[in-house]
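Protein chains: 2
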Amino acid sequence: MSVSNNVKVACCQLAPKIGDLAHNRRICERAIRHAAQQGARVVVLPELVQSGYLFHDLAEALAHAEALDGPTLQLWQALALELDIVIVGGFCEQLDQQRVANSAALVDSSGLRVVYRKAHLWDGEHAIFTPGSEAPPVVETAVGRIGVMICYDIEFPEWVRLPALAGAELICVPVNWPDGPRPAIERPNEVVRVQANASVNRVFIAACDRHGQERGMNWVQGSVIVDADGYPVAGPAEAAGEQILVATLRLGEARNKYISRHNHLHQDRRPELYRAGGLLEQVANG
Amino acid sequence: MSVSNNVKVACCQLAPKIGDLAHNRRICERAIRHAAQQGARVVVLPELVQSGYLFHDLAEALAHAEALDGPTLQLWQALALELDIVIVGGFCEQLDQQRVANSAALVDSSGLRVVYRKAHLWDGEHAIFTPGSEAPPVVETAVGRIGVMICYDIEFPEWVRLPALAGAELICVPVNWPDGPRPAIERPNEVVRVQANASVNRVFIAACDRHGQERGMNWVQGSVIVDADGYPVAGPAEAAGEQILVATLRLGEARNKYISRHNHLHQDRRPELYRAGGLLEQVANG
Numbered sequence: 001m002s003v004s005n006n007v008k009v010a011c012c013q014l015a016p017k018i019g020d021l022a023h024n025r026r027i028c029e030r031a032i033r034h035a036a037q038q039g040a041r042v043v044v045l046p047e048l049v050q051s052g053y054l055f056h057d058l059a060e061a062l063a064h065a066e067a068l069d070g071p072t073l074q075l076w077q078a079l080a081l082e083l084d085i086v087i088v089g090g091f092c093e094q095l096d097q098q099r100v101a102n103s104a105a106l107v108d109s110s111g112l113r114v115v116y117r118k119a120h121l122w123d124g125e126h127a128i129f130t131p132g133s134e135a136p137p138v139v140e141t142a143v144g145r146i147g148v149m150i151c152y153d154i155e156f157p158e159w160v161r162l163p164a165l166a167g168a169e170l171i172c173v174p175v176n177w178p179d180g181p182r183p184a185i186e187r188p189n190e191v192v193r194v195q196a197n198a199s200v201n202r203v204f205i206a207a208c209d210r211h212g213q214e215r216g217m218n219w220v221q222g223s224v225i226v227d228a229d230g231y232p233v234a235g236p237a238e239a240a241g242e243q244i245l246v247a248t249l250r251l252g253e254a255r256n257k258y259i260s261r262h263n264h265l266h267q268d269r270r271p272e273l274y275r276a277g278g279l280l281e282q283v284a285n286g
Numbered sequence: 287m288s289v290s291n292n293v294k295v296a297c298c299q300l301a302p303k304i305g306d307l308a309h310n311r312r313i314c315e316r317a318i319r320h321a322a323q324q325g326a327r328v329v330v331l332p333e334l335v336q337s338g339y340l341f342h343d344l345a346e347a348l349a350h351a352e353a354l355d356g357p358t359l360q361l362w363q364a365l366a367l368e369l370d371i372v373i374v375g376g377f378c379e380q381l382d383q384q385r386v387a388n389s390a391a392l393v394d395s396s397g398l399r400v401v402y403r404k405a406h407l408w409d410g411e412h413a414i415f416t417p418g419s420e421a422p423p424v425v426e427t428a429v430g431r432i433g434v435m436i437c438y439d440i441e442f443p444e445w446v447r448l449p450a451l452a453g454a455e456l457i458c459v460p461v462n463w464p465d466g467p468r469p470a471i472e473r474p475n476e477v478v479r480v481q482a483n484a485s486v487n488r489v490f491i492a493a494c495d496r497h498g499q500e501r502g503m504n505w506v507q508g509s510v511i512v513d514a515d516g517y518p519v520a521g522p523a524e525a526a527g528e529q530i531l532v533a534t535l536r537l538g539e540a541r542n543k544y545i546s547r548h549n550h551l552h553q554d555r556r557p558e559l560y561r562a563g564g565l566l567e568q569v570a571n572g
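Listed in order, the protein sequences are those of chains V and R. Okay, so the first sequence: first residue is 1 according to the working numbering, each after it adds one. Okay, so the second sequence: first residue is 287 according to the working numbering, each after it adds one.
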């Protein structure tokens, strides 16, 4: 049984340097220690924070990939043990001599608990990363049940359902959100989608973005922690550069899926009707 | 082939009186004519605008229900013909002598095109309405492909996928959003969910809420029209009472599902992986 009330969760919005793995480990360690000093028991890092994001090609990615016994995951495990925290962060995973994945690890004081591989690839990632085919995992930790997915994955509400239905109280999402045009007064729709996914599942979500221009790319810098109703409780940071967002979450609230006397968000689903999608898809593409 | 560019779409945020069907027809006619005068070719009305919402019981609902040849749908069809517009509005549908549905009709100048019956019932509705089991329809109209769903339906992203995959450019959603607590500075999460559903499908959505206290219930009054990126182009009205929101939409934009050179929102789905939901659901409930 997890102790799931009043858990401090942090998102560390950092600027990794592409290919400078030692630097990236240093900024991660500094931020993780800083977050833990503020009482965080769960620390979320950006997507590919171990390596940087915009690889020119697969060869460059392979050169900077790490296996599960590599120095970055070793560091994160040592810190999780020392500080008694959960760390979720993104890394370029060496699958074999020819393949890499855009992965995220969840480590705690007992070591490496799970590795998740991004299943929905963004743009140029298609030329570099092998997509995962395993559903987002849900890990029972000392502070609660934590799910993991990565960036573009969260634009597929069907994918968010899987860890939510499996009992996740908090979903940690390392992201690298490329910046783009939007109405000046509007919150970025990357953040809006996080909010909506939380609210239709009554699950907490911590999305950790990056900052720092990389090979001409800028980022939303929109790290956000939202409650189970989908409202932000820390962030969105929004173009604020380096940030450590910290929020205290009563994760146990996510176990209550009732939003009215008669409405349970998951039991109200009618999955037998949703399967019609396959047929309609053929019509739409026909 | 539909002419789908530069279509004016209106949401008429009205205050029906429960059980006063003649009054409700009058306020609908006035608003529909007003919207058409402003150039609207599609006019969306609230959920159950024909009857009001908070019935005491099934007997009261039956007393105010209308069949498909009832005076409200006759009026809407006459107006659609006269004004050459599409109207989408909610009504209490008499299914037989014992059963009613929370339904929405889409009518155009050719008459009644489709009736949709709400599939996800909210709170006390369970004691009154028979839920529908048909997917949200998509109708090819003179101005574009229009899908229809009702209120709580839109909290199920799997349900929104069905008309989106079937080619809807615009989804019209009659709603009655009960007001509830939220952080003062935040946009209501009812609106946030509309935005997210639009953005993950690149589909326009027009959600038409109601106003006017009814049997102690207040409403968000959050009518909103969002573009295919999920950003509002009219509203949210938010507690503004009677409103006619009008926006000019280039509906054809919804046919382009590409959000990067390599990312097509619908083709990027991996439905074979989403089916795992059934198994996980058993674990979560076990």
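Just so you know, these hints were derived from the structure itself, not from any lab. Honestly, I wouldn't trust all of these hints.
Distance ranges between label pairs, derived from CB positions [to be verified]:
hint	chain 1	residue 1	chain 2	residue 2	range
1	V	Asp96	R	Asp465	49 to 57 Å
2	R	Met503	V	Ser110	13 to 21 Å
3	R	His342	V	Gly111	56 to 64 Å
4	V	His126	R	His342	39 to 47 Å
5	R	Pro464	V	Asp96	21 to 29 Å
6	R	Arg385	V	His126	45 to 53 Å
7	V	Arg215	R	Arg501	38 to 46 Å
8	R	Ala470	V	Gly252	19 to 27 Å
9	R	His552	V	Arg215	46 to 54 Å
10	R	Ser419	V	Gly216	49 to 57 Å
11	V	Tyr258	R	Glu528	28 to 36 Å
Part of the chain V face toward chain R, derived, beta carbon under 8 Å [unchecked claim]:
hint	residue
12	Trp122
13	Gly212
14	Gly216
Even glycine gets a Cβ: it sits at the ideal position worked out from N, Cα and C.
Hints versus structure:
1. Asp96/V - Asp465/R: 49 to 57 Å: holds (56 Å)
2. Met503/R - Ser110/V: 13 to 21 Å: With a Cβ separation near 50 Å, Met503/R and Ser110/V fall outside 13 to 21 Å, so the hint is violated.
3. His342/R - Gly111/V: 56 to 64 Å: holds (60 Å)
4. His126/V - His342/R: 39 to 47 Å: violated (57 Å)
5. Pro464/R - Asp96/V: 21 to 29 Å: violated (54 Å)
6. Arg385/R - His126/V: 45 to 53 Å: holds (51 Å)
7. Arg215/V - Arg501/R: 38 to 46 Å: The hinted range 38 to 46 Å is violated for Arg215/V and Arg501/R, with Cβ atoms some 60 Å apart.
8. Ala470/R - Gly252/V: 19 to 27 Å: This hint holds: roughly 26 Å between Cβ atoms.
9. His552/R - Arg215/V: 46 to 54 Å: About 29 Å separates the Cβ atoms of His552/R and Arg215/V, which means 46 to 54 Å is violated.
10. Ser419/R - Gly216/V: 49 to 57 Å: holds (51 Å)
11. Tyr258/V - Glu528/R: 28 to 36 Å: At roughly 33 Å between Cβ atoms, Glu528/R and Tyr258/V fall inside 28 to 36 Å, so the hint holds.
12. Trp122: holds (6 Å)
13. Gly212: Gly212/V check fails; min Cβ-Cβ to chain R is 21 Å, beyond 8 Å.
14. Gly216: violated (15 Å)
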